[in-house]
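Protein chains: 2
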Amino acid sequence: MSKYIVTGCAGFIGSHITDRILKLGSSVLGIDNLSTGHEKFIELALRNKNFKFINIDLIDLECLKSAFSGGDVVIHFAANADVRFGPQNTRKDLEQNTIATYNVLESMKFNGIKKIIFSSTGSVYGEAKQFPTPEEACFPIQTSLYGASKTACEGLISAYCEAFDMQSWIFRFVSILGERYTHGHVYDFYKKLRNNKSLLHVLGDGHQRKSYLYVQDCIDAVIFAFQNSNEKVNIYNLGVDDYCEVIQSITWICDYLQLSPTLEFYGGTKGWSGDNPFIYLDTNKIRKLGWTPKTSIKEGVLKTVEYLKSNEWVFNERN
Amino acid sequence: MSKYIVTGCAGFIGSHITDRILKLGSSVLGIDNLSTGHEKFIELALRNKNFKFINIDLIDLECLKSAFSGGDVVIHFAANADVRFGPQNTRKDLEQNTIATYNVLESMKFNGIKKIIFSSTGSVYGEAKQFPTPEEACFPIQTSLYGASKTACEGLISAYCEAFDMQSWIFRFVSILGERYTHGHVYDFYKKLRNNKSLLHVLGDGHQRKSYLYVQDCIDAVIFAFQNSNEKVNIYNLGVDDYCEVIQSITWICDYLQLSPTLEFYGGTKGWSGDNPFIYLDTNKIRKLGWTPKTSIKEGVLKTVEYLKSNEWVFNERN
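Protein chains in written order, with the numbering used here: chain A, 1 to 319; chain B, 1 to 319.
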């Protein structure tokens, strides 16, 4: 039985892939420092005898080296995933993304683990000149500390593959949504509407275009590409062949909740420093391999709202 | 009078740019930890009243923040510059390149310094698919820890420019040679021939093609582009419109030294893990701006040999 090590196992996407791997019959060692992950997200996994959880921080290299013992594949999904606060805390992306990934790779090398699956981001394309943006777009100029750190991680992973005969599957995600989604637009809007049903402040002008992928489609794609591609470094964009404007998403959410708040826009056309008004990825490469998303953006948004409605505990705690 | 801060001021290229800036009448605060730099390289600068030297390590952020006080422009040339030993000491590129650059940027932010000139490398293109390789080549897959770390630095610099209203001039160098060159092929071959005049071991098959730029041409280009371009992020390839094979370089060196050693090749077609058999950059962007190199590859190689012949002290000390 293969042993998978999942970093960020109590996070949004990390907990879903943990559940999926367990369902497929493999064992999972889940690692999370619970700084943004939730124990509730691994409640199901914890009832499975093939799951073991360790609470450690990826910054602790020695701990990580010993935790990785006996692993076959590392799914490295732990990250500082919020692009917005880079300028307020520049060290976060460096430590939690770049240095943490270095530590993961060192721990793999130490334990002879040869395969890594990594969650990158469409933000690595900076302000892309080509839409939809293919994997081989022109050399990007980074516009966010988050994108810069994920580019640094991709570079480290590829260089380790070359130097130490490892193999990697790198996925550049658009925004992902669905059950357990606890940051980003839908979460923010829902939270604001919970506090004030009649007024919604919206960062940006509402016309930022976004391409969202439903989390189960994302997990399908990751597993499918891992099983069906075999280069040294396998890089895939993940997204849907469509996009929406933030304002459309707001309309879907409000219709679902039967609310009609006044909308107040602020902050100009770009949401935040380093925000990219349009991330829209060319997913032909993984589509040619045989994967297709099953869920539309609207369905994904509504599934997320539905989840939040049934799990309002996510707004308490530290959020 | 503008105050320049030069990191790596006692290194090969750093000491040349220090001399040039002083010659142009500005003041220089030189920073070096002398781990690979040489005090002899700043002998001339130290006699200039506009030069001040501080021996600190860029890893020490607090020291760096206070050292940067009052600077106008940072020339960040300190780096682990040897691509070959990444796999033996993976932490070196991470610390001396990525984290050191982060510290430089943080110290600039802390002191309100808005301009940075950075020495990147043609290695950021990985194994390029296009020759000569332009700045906008397709998104590269990194093949060396060195290239990965310089890509990480470029990303950090660009993201800081976006987030904190800074401006950057990033130069992707081919191999540079000339006076004070104390690593790389010419240095290695000269050193080996000094120990054994009749036999020369050559890493790789001798057919690795390399494009070399003479250090004074490199400094000309850096100053010229800094003075004549004004984007937020200015990226330029630096090199000559020509290349040579390692074997040609060996012939020039041996002819100059009047030696005819037996050549023994080892290590296959690639010199070392992550070595790129061919780095050849498209320099049209900076040529259009108005810069042209004046020195051929052969002249550059011979100037380097001449320098080594008159400065054999470089082979003593820690080398």
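Just so you know, not all the hints are guaranteed correct.
For identical chains, the list gives no copy identity; a pair is met inside one copy or between any two copies.
Stated by the list, open to error - Below are the BS3-like pairs computed for lysine-lysine, each with C-alpha atoms no more than 27 angstroms apart in a straight line:
1) Lys92 <-> Lys115
2) Lys109 <-> Lys309
3) Lys232 <-> Lys40
4) Lys3 <-> Lys197
5) Lys23 <-> Lys191
6) Lys309 <-> Lys298
7) Lys92 <-> Lys109
Since the hints were made in silico from the structure, they are not lab data. Note that the structure is a prediction, hence the values are computed from the model and not measured.
Original post:
How do Lys92 and Lys109 come out at 27 angstroms by Cα distance, when the copy is not named: within, between, both, or neither?
Top reply: This pair counts as both: shortest intra-copy Cα distance 25 angstroms, inter-copy 16 angstroms.
**OP:** Can you give me the call for Lys23 and Lys191, within, between, both or neither, at a CA distance of at most 27 angstroms?
**Re:** neither (32 angstroms within a copy, 61 angstroms between copies)
**OP:** At 27 angstroms max between alpha carbons, let me know whether Lys3 reaches Lys197 within a copy, between copies, both or neither.
**Re:** Answer is neither; intra-copy 47 angstroms and inter-copy 56 angstroms both fail.
**OP:** At 27 angstroms max between alpha carbons, let me know whether Lys92 reaches Lys115 within a copy, between copies, both or neither.
**Re:** both (26 angstroms within a copy, 23 angstroms between copies)
Original post:
With identical chains treated as interchangeable, where does the CA-CA distance between Lys309 and Lys298 reach 27 angstroms or less: within a copy, between copies, both, or neither?
Top reply: within (16 angstroms within a copy, 72 angstroms between copies)
Subject >> Up to 27 angstroms CA-CA - Lys40 versus Lys232, copy category >> reply: neither (36 angstroms within a copy, 45 angstroms between copies)
Original post:
Is it within a copy, between copies, both, or neither that the alpha carbon of Lys109 lies no farther than 27 angstroms from that of Lys309?
Top reply: neither (44 angstroms within a copy, 42 angstroms between copies)
In the structure shown, a violation is registered for the earlier hints numbered 2, 3, 4 and 5, in ascending order.
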